[in-house]
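Colleague: Please build the complex by placing chain B on the supplied structure of chain C, with the hints as guidance.
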Amino acid sequence: METPRSNSVFALAALEHIDALYSYAMTLTRDKSEAEDLVQETYLRAVRAANQPATAGNLKAWLFVVMRNAWLNIARHKQHGLRLFQFEGAEPVDGVANDASSNPHVVYLRKLERQQIHDAIDTLPDAYREIVVLRDLEGFSYHEIATVLNCPAGTVMSRLGRARGKLREVLSQRQKVHRLYG
Amino acid sequence: MMNCDDIRERLALYLDNELQEDDRAAFEAHTQSCESCASFVENELAFLNAIRGSGPVHTAPETLKTKVADIVNGPAEPARERFALKWILPIAAGLLVLLAPVVMWRVMRQSTHPANGGPSGFALMAAESHLRHMRGQLPLEMETTSPQAISAWFGNKVDFNVKLPSYQESSGQEKIYTLEGARLVGYQNDYAAYVSYRMGDRPISLVITSETVAKPSGGEEIASRGLRFHFNSIDGLKVITWSDRGLTYALVSDLDERGQQSCIVCHQGTKDQDFIEPLKPH
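Respectively, the protein sequence lines represent chains C and B.
For what it's worth, my numbering labels the leading residue of the first sequence as 1, then goes sequentially.
For what it's worth, my numbering labels the leading residue of the second sequence as 1001, then goes sequentially.
If you're looking for bench data, these hints aren't it; they were derived computationally from the structure.
We put the CB at the ideal spot given by N, CA and C, even for glycine.
Be aware that a few hints might be false.
Unchecked claim - Label-pair distances were calculated between CB atoms; the ranges are: (1) Gly-1121/B with Glu-169/C: 51 to 61 Å; (2) Ala-1046/B with Thr-155/C: 18 to 28 Å; (3) Arg-1202/B with Gln-175/C: 56 to 66 Å; (4) Gln-173/C with Asn-1161/B: 44 to 54 Å; (5) Arg-168/C with Cys-1004/B: 41 to 51 Å; (6) Gln-1020/B with Thr-155/C: 14 to 24 Å; (7) Arg-48/C with Lys-1065/B: 11 to 21 Å; (8) Lys-1215/B with Arg-48/C: 21 to 31 Å; (9) Asp-1244/B with Ala-127/C: 39 to 49 Å; (10) Gln-1148/B with Gln-175/C: 44 to 54 Å.
Unchecked claim - 25 Å max Cα-Cα, derived PhoX-like pairs, lysine-lysine: (11) Lys-32/C with Lys-1067/B; (12) Lys-1065/B with Lys-60/C; (13) Lys-1157/B with Lys-1215/B; (14) Lys-1215/B with Lys-1163/B; (15) Lys-1065/B with Lys-32/C; (16) Lys-60/C with Lys-32/C; (17) Lys-32/C with Lys-1157/B; (18) Lys-60/C with Lys-1215/B.
Next comes chain C alone, as it looks inside the complex (with noise of 0.2 Å):
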């Protein structure tokens, strides 16, 4: 892994991944007051630890790490593991129209695709919603998986796999809903 030692490369490479960390903080914590709590915490961690030799990896990916490892912290001291959340709809999110075609149907149709996605994505159980949103939405490969989650490749392989097995079946249904009752 590189290790960031100049303070102002690192600032400047860590602050790239403030949306990622975020999302990722908002997946373990589903709670937005915790989630900016949690990605605080793990740029403090990471600035004290910045000038340490970091063990493998990236830096997206070692901020992951620090992240879980923070979140699994404090997880265990309130003795209530990873809890649950409801993704919010109504929340903004940048781009959402810069990808989609000009006309307002289309950008209309896209968007709800993607919320319901995200809605089927909130339905998963943690551990097939954390590895989906780190390969698929933030774009991990599998040994960087197993690095954050601290587990076999092997592991990443046949999770993934159910948990994408879960969400297509989450979409299925949700879309023959969509086709009798929509």
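Modeller: Using the frame of chain C, we list chain B on its own:
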């Protein structure tokens, strides 16, 4: 050569770009010649693209970005650091010569006082937490003016009992200080309780942990009503630490003298004045 079963088995690895180069070539060679597998791959790819194209789920609020920028950029200015490096040795040498008699006198004087030395790790952590809270880097996890609500909030979060007195609330006297809220702070691989008060516009922090985790030490030692208090001045803050009934406390403020007035957050009654009095410098 791969067959159709191989394709289904390796589909996720292929779509996640986890196949080695030769396996990838074999995979693509098969799907180019097999319509059924090509359709299978296309469907799965469409599904994954829909998922991958749906992000990001959340974006960080601007207020959070500002706070994090403060954290990563740190308080030190490079110009000041360079100045410090250039002048610190000559200044330190000069101070050593000037202050040598004072230092000698302090050493001789301290030999009559049992507790001395630098501030304890717990006192340093309490001062740092106070500063971070003032800078907005340590937001409260729960905000309330109710001591009972805070005591209950810590109930299942720390391994010791936090019981805040409610003298001010129950006495009906004019309120001199305000309870703001609480949060957890990390210390020694465990959590300590952090309680925030305010007296006018001056913040007061009370940090509590188990006596098995931290014992007060260092600084000036002052005895009062059977307790031994340790006073330190850290970064301009007045830090008083002590242990009582299995818990260790640190009270941090920028109040006058030794900051003893901060004790009223727990000892506001008239009878408590003789408790606070010995903490004043004489």
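Colleague: Decide, hint by hint, whether the structure agrees.
Modeller: Each hint tested on the structure:
no., hint, result
1, Gly-1121/B with Glu-169/C: 51 to 61 Å, "holds (52 Å)"
2, Ala-1046/B with Thr-155/C: 18 to 28 Å, "holds (27 Å)"
3, Arg-1202/B with Gln-175/C: 56 to 66 Å, "holds (60 Å)"
4, Gln-173/C with Asn-1161/B: 44 to 54 Å, "holds (49 Å)"
5, Arg-168/C with Cys-1004/B: 41 to 51 Å, "violated (20 Å)"
6, Gln-1020/B with Thr-155/C: 14 to 24 Å, "holds (20 Å)"
7, Arg-48/C with Lys-1065/B: 11 to 21 Å, "holds (20 Å)"
8, Lys-1215/B with Arg-48/C: 21 to 31 Å, "holds (24 Å)"
9, Asp-1244/B with Ala-127/C: 39 to 49 Å, "holds (44 Å)"
10, Gln-1148/B with Gln-175/C: 44 to 54 Å, "holds (51 Å)"
11, Lys-32/C with Lys-1067/B, "holds (15 Å)"
12, Lys-1065/B with Lys-60/C, "holds (16 Å)"
13, Lys-1157/B with Lys-1215/B, "holds (21 Å)"
14, Lys-1215/B with Lys-1163/B, "holds (19 Å)"
15, Lys-1065/B with Lys-32/C, "holds (14 Å)"
16, Lys-60/C with Lys-32/C, "holds (21 Å)"
17, Lys-32/C with Lys-1157/B, "holds (20 Å)"
18, Lys-60/C with Lys-1215/B, "violated (39 Å)"
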